[in-house]
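The hints should help you fit chain E onto chain P, whose structure is shown.
Here the protein sequences come in this chain order: P and E.
Numbered as in the numbering used here, the first sequence ends at 244 without a single skipped number.
Numbered as in the numbering used here, the second sequence ends at 1368 without a single skipped number.
Treat the hints as calculated values from the structure; they're not laboratory data.
Hints are supplied without guarantee of correctness; some may be wrong.
[Stated by the list, open to error] Here are the computed lysine to aspartate or glutamate pairs in the EDC-like style, where the Cα-Cα straight-line distance is at most 20 angstroms:
hint: 1; chain 1: E; residue 1: K1061; chain 2: E; residue 2: D1080
hint: 2; chain 1: P; residue 1: K133; chain 2: E; residue 2: E1011
hint: 3; chain 1: E; residue 1: K1199; chain 2: P; residue 2: E116
hint: 4; chain 1: P; residue 1: K136; chain 2: E; residue 2: E1198
hint: 5; chain 1: E; residue 1: K1213; chain 2: P; residue 2: E76
hint: 6; chain 1: P; residue 1: K143; chain 2: E; residue 2: D1124
hint: 7; chain 1: P; residue 1: K111; chain 2: E; residue 2: E1009
hint: 8; chain 1: P; residue 1: K133; chain 2: E; residue 2: D1018
hint: 9; chain 1: P; residue 1: K97; chain 2: E; residue 2: D1080
hint: 10; chain 1: P; residue 1: K136; chain 2: E; residue 2: E1011
hint: 11; chain 1: P; residue 1: K136; chain 2: E; residue 2: E1145
hint: 12; chain 1: P; residue 1: K143; chain 2: E; residue 2: E1200
hint: 13; chain 1: E; residue 1: K1112; chain 2: E; residue 2: E1145
hint: 14; chain 1: P; residue 1: K97; chain 2: E; residue 2: E1011
hint: 15; chain 1: P; residue 1: K115; chain 2: E; residue 2: E1009
hint: 16; chain 1: P; residue 1: K111; chain 2: E; residue 2: E1011
hint: 17; chain 1: P; residue 1: K97; chain 2: E; residue 2: E1082
hint: 18; chain 1: P; residue 1: K97; chain 2: E; residue 2: D1018
hint: 19; chain 1: E; residue 1: K1002; chain 2: P; residue 2: D75
hint: 20; chain 1: E; residue 1: K1213; chain 2: P; residue 2: D69
hint: 21; chain 1: P; residue 1: K143; chain 2: E; residue 2: D1080
hint: 22; chain 1: E; residue 1: K1002; chain 2: P; residue 2: E116
hint: 23; chain 1: E; residue 1: K1213; chain 2: P; residue 2: D75
hint: 24; chain 1: P; residue 1: K133; chain 2: E; residue 2: E1200
hint: 25; chain 1: P; residue 1: K57; chain 2: E; residue 2: E1011
hint: 26; chain 1: E; residue 1: K1199; chain 2: P; residue 2: E163
hint: 27; chain 1: P; residue 1: K110; chain 2: E; residue 2: E1009
hint: 28; chain 1: P; residue 1: K136; chain 2: E; residue 2: D1080
[To be verified] Covered stretches of chain P, as calculated for chain E (at least 3 residues, CB under 8 angstroms):
hint: 29; segment: 77-83
hint: 30; segment: 97-104
hint: 31; segment: 190-199
[What the hints assert, rightly or not] One side only, chain P facing chain E, incomplete, derived with CB under 8 angstroms:
hint: 32; residue: F68
hint: 33; residue: R87
hint: 34; residue: P170
All C-beta atoms in this analysis are idealised placements derived from N, C-alpha and C, irrespective of residue type, glycine included.
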Amino acid sequence: MKKENAIYVENLTKMFGDFTAVNNISFEVGKGEVFGFLGANGAGKTTAMKMLIGILKPTSGHAQVASFDVASQADEVKKSIGYMSQRFSLYNDLTIKENITFFGGIYGLKKSVIKEKTQELIDELGLKDEANKLVKSLPLGWKQKVAFSVSLLHNPRIIFLDEPTGGVDPITRRQFWEMIYREAHKGKTIFVTTHYMDEAEYCDRVSIMVEGKIEALDTPKNLKTQYKVDSMNQVFLKLARNIE
Amino acid sequence: MKRFIGFIEKEFYHILRDRRSLFILFGMPIVQVLLFGFAITNEINNVDIAILDHSKDATTKVIIDKIAASEYFSIKQFIDYEAAIEPAFKKGQIKAVLNFEKDFSNKLISEKKATIQILTDATDPNTANTISNYMASILQNYQEELNKGIALSYQIVPKTRLAYNPELKSVFMFVPGVMTVILMLVSAMMTSISITREKELGTMEILLVSPLKPLQVIIGKVVPYILLAVINAIIIILLSIFVFRMPVQGSLFLLGAESLLFIINALSLGILISTISASQQTAMMASLMGLMLPVILLSGFIFPISSMPIPLQIISNIIPAKWFIIILKGIMLKGVGLAYIWKETLVLLGMTLLFIGISTKKYKIRLE
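Just chain P, with the same shape it has in the complex (with noise of 0.2 angstroms):
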């Protein structure tokens, strides 16, 4: 069990049944990383990362995240992690200054943070006008930023990123992975799947899961010269045609 790392994951295995999921995986993710957890559909991606967020129980191996225990210590987990999903993690009939007073008080936040962090993540993201619409009429680019910043209200030492930039323009997706690279830089550790595969050229660290396995892990750079290819892209293709 090592201390610094953010996420410690050994010989992880997931049962459905027959049905195996998640087929035996170890990783472990350092402070401060971002980490690229990438994989096809179906691969155990999705499986893999709710049994990190506590809400899938393991079959069988450990996980620690923050240094607790997945399984056994699933609550404090949840107060150490923030977490966004591919689908849309705000309430589409709440404004956002509602949005955020919400989520803010699940997470226990005093009412005086809660105010201080409105103001801060309006006067961040240029959202002042906005402030007090509903989040339904905004352009889905701005929804996900406010998402990932309200994933962040309660100051977790890890995010777990779920497809944050499915269906978001090219320069949005820009400037979400620029918000990415600032918190990495304040010392959070970051956990994201995608399927754009430019985008696990930004990311510290890859793996590929295929088949519920993990069937590589490394720096782009590397894998890129491991498999002897320009790009990521290829590198996945690689992987996913071997296998087949």
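Structure of chain E alone, referenced to chain P:
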């Protein structure tokens, strides 16, 4: 606790900003009570009838005047011969024909017996039945007047009294039923929809990743609906007292407590539905087909349970609404206390605990 209040606040934003659910929540009870109270009724008023009088003598005139004077009937036309009855019915304007035989007065005096035929349009059997009963009672009345002062050697005079609802107002029968339906609708359907909505939108996942306990999430979702259901119950009771003059004979406190028990029963059913349905549509269909239909058809709300076939009577026992309607009628109309309805209360309580047990178990399984 502070987290909790924030959660409930958010739930109210959802409800207040969704016009459709607001209408279901507050429009429906009012519309339904008024509809059932005014439009759907077993009473008859100013039913159009026709008279075929073969005698046209003093006695038949008195009887016809008596019928015309009652508020139940209005005489639309006079027919002269039998063959005209059928066409009159077919036109659909009249619901009944009163046919006096020839020499009515004479026969009544000489033979002490004369005959009137009451023909009713039984395409609507309930109305036909009511019409002939009302008609018979007017004639009975007249007969008693005639016999006044004449001592019959043996006489059995049944004196009927219609207890608890002397005027046979059908609204008295419908109010407990409507209240049951509305509370079921608000509590079960609305909560199941609101919980599945969070699942569908993906926000449920965010809530489960937060430090809130699953149980807290569920209670937070349910509490606002308890409040709304209570407000609804109050609206319905006020409407029935002030618009329909329906008395509440028993204790208001007991009425409130029993209503709360039923609301919690319905809510636990709603949670149960939300654990087994993945989308709002499924939740709505499950609530409508699985809950509303049995509540309306098998609870004794509209159709009396005692006249159902035995298998249906047995099935009706597992419908919570049946027990709640018995309780409501007991408290509102008969004014009984807990001593008379403890059995029904116990059944309802048992069902509630069972539903809560099953739904918490189901809910936990989903999280594994």
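Hint check:
Restraint check: the Cα-Cα separation between K1061 (chain E) and D1080 (chain E) comes to about 15 angstroms, which is no more than 20 angstroms; the hinted pair holds. Straight-line distance between C-alpha atoms of K133 (chain P) and E1011 (chain E) comes to about 18 angstroms, which keeps the hinted pair within the 20 angstroms bound. Between K1199 (chain E) and E116 (chain P) the alpha-carbon distance is near 31 angstroms, which puts this suggested pair outside the 20 angstroms criterion. Between K136 (chain P) and E1198 (chain E) the alpha-carbon distance is near 15 angstroms, which keeps this suggested pair within the 20 angstroms criterion.
With a C-alpha separation of about 12 angstroms, the suggested pairing of K1213 (chain E) with E76 (chain P) holds against the 20 angstroms cut-off. Under the criterion of a C-alpha separation no larger than 20 angstroms, the hint pairing K143 (chain P) with D1124 (chain E) is inconsistent with the structure, at around 60 angstroms. For the given pair, K111 (chain P) sits about 14 angstroms from E1009 (chain E) by alpha-carbon distance, which is consistent with the 20 angstroms threshold. For the suggested pair K133 (chain P) and D1018 (chain E), the alpha carbons sit about 16 angstroms apart, so the restraint of at most 20 angstroms is met.
At most 20 angstroms may separate the alpha-carbon atoms for a hinted pair to count; K97 (chain P) and D1080 (chain E) exceed this at roughly 81 angstroms. Taking the CA atoms of K136 (chain P) and E1011 (chain E), the gap is about 17 angstroms. The hint holds against a cut of 20 angstroms. Restraint check for K136 (chain P) and E1145 (chain E): not satisfied, since their Cα atoms lie roughly 77 angstroms apart, outside the 20 angstroms limit. Taking the CA atoms of K143 (chain P) and E1200 (chain E), the gap is about 18 angstroms. The hint holds against a cut of 20 angstroms.
Restraint check for K1112 (chain E) and E1145 (chain E): the C-alpha separation of about 14 angstroms stays at or below 20 angstroms, so the hint holds. With a CA separation close to 15 angstroms, the supplied pair K97 (chain P) and E1011 (chain E) stays within the 20 angstroms bound. For a cut-off of 20 angstroms, the pair hint linking K115 (chain P) to E1009 (chain E) stands: about 17 angstroms separates their Cα positions. For the given pair, K111 (chain P) sits about 19 angstroms from E1011 (chain E) by alpha-carbon distance, which is consistent with the 20 angstroms threshold.
At roughly 80 angstroms between alpha-carbon atoms, K97 (chain P) and E1082 (chain E) are farther apart than 20 angstroms, so this suggested pair is violated. For a cut-off of 20 angstroms, the pair hint linking K97 (chain P) to D1018 (chain E) stands: about 19 angstroms separates their Cα positions. Straight-line distance between C-alpha atoms of K1002 (chain E) and D75 (chain P) comes to about 18 angstroms, which keeps the hinted pair within the 20 angstroms bound. Annotation: proposed proximity of K1213 (chain E) to D69 (chain P) holds, straight-line Cα distance about 18 angstroms (limit 20 angstroms).
This hinted pair does not check out: K143 (chain P) and D1080 (chain E) have alpha carbons roughly 82 angstroms apart, beyond 20 angstroms. Restraint check for K1002 (chain E) and E116 (chain P): satisfied, since their Cα atoms lie roughly 18 angstroms apart, inside the 20 angstroms limit. This hinted pair checks out: K1213 (chain E) and D75 (chain P) have alpha carbons roughly 9 angstroms apart, not beyond 20 angstroms. A hinted pair counts as satisfied when its Cα atoms are at most 20 angstroms apart, and K133 (chain P) with E1200 (chain E) does not qualify at roughly 23 angstroms.
The suggested pairing of K57 (chain P) with E1011 (chain E) is violated, with an alpha-carbon distance near 29 angstroms, which exceeds 20 angstroms. Of the pairs offered as hints, the one joining K1199 (chain E) and E163 (chain P) holds, with about 18 angstroms between alpha carbons and a cut-off of 20 angstroms not exceeded. For the proposed pair K110 (chain P) and E1009 (chain E), the alpha carbon gap of about 16 angstroms is at most 20 angstroms, so the pair holds. The straight-line distance between the Cα atoms of K136 (chain P) and D1080 (chain E) is roughly 74 angstroms, outside the 20 angstroms bound, and the hint therefore fails.
Closer than 8 angstroms: that is the beta-carbon criterion, and the segment 77-83 of chain P has 4 residues meeting it against chain E, so the requirement of 3 holds. With a threshold of 8 angstroms between beta carbons, the proposed coverage of the segment 97-104 of chain P by chain E holds, since 4 of its residues qualify and at least three are required. Check result for the segment 190-199 of chain P against chain E: violated, 0 residues qualifying (beta carbon to beta carbon below 8 angstroms, three or more required). At a threshold of 8 angstroms, the smallest CB-CB gap from F68 (chain P) to chain E is about 12 angstroms, leaving the interface hint violated.
Using the Cβ-Cβ criterion of 8 angstroms, the hint placing R87 (chain P) at the interface with chain E is satisfied: the shortest such distance is roughly 3 angstroms. Among the interface hints, the one on P170 (chain P) is violated; its C-beta lies about 24 angstroms from the nearest C-beta in chain E, farther than the 8 angstroms criterion.
When each numbered hint is compared with the structure, violations occur for hints 3, 6, 9, 11, 17, 21, 24, 25, 28, 31, 32, 34.
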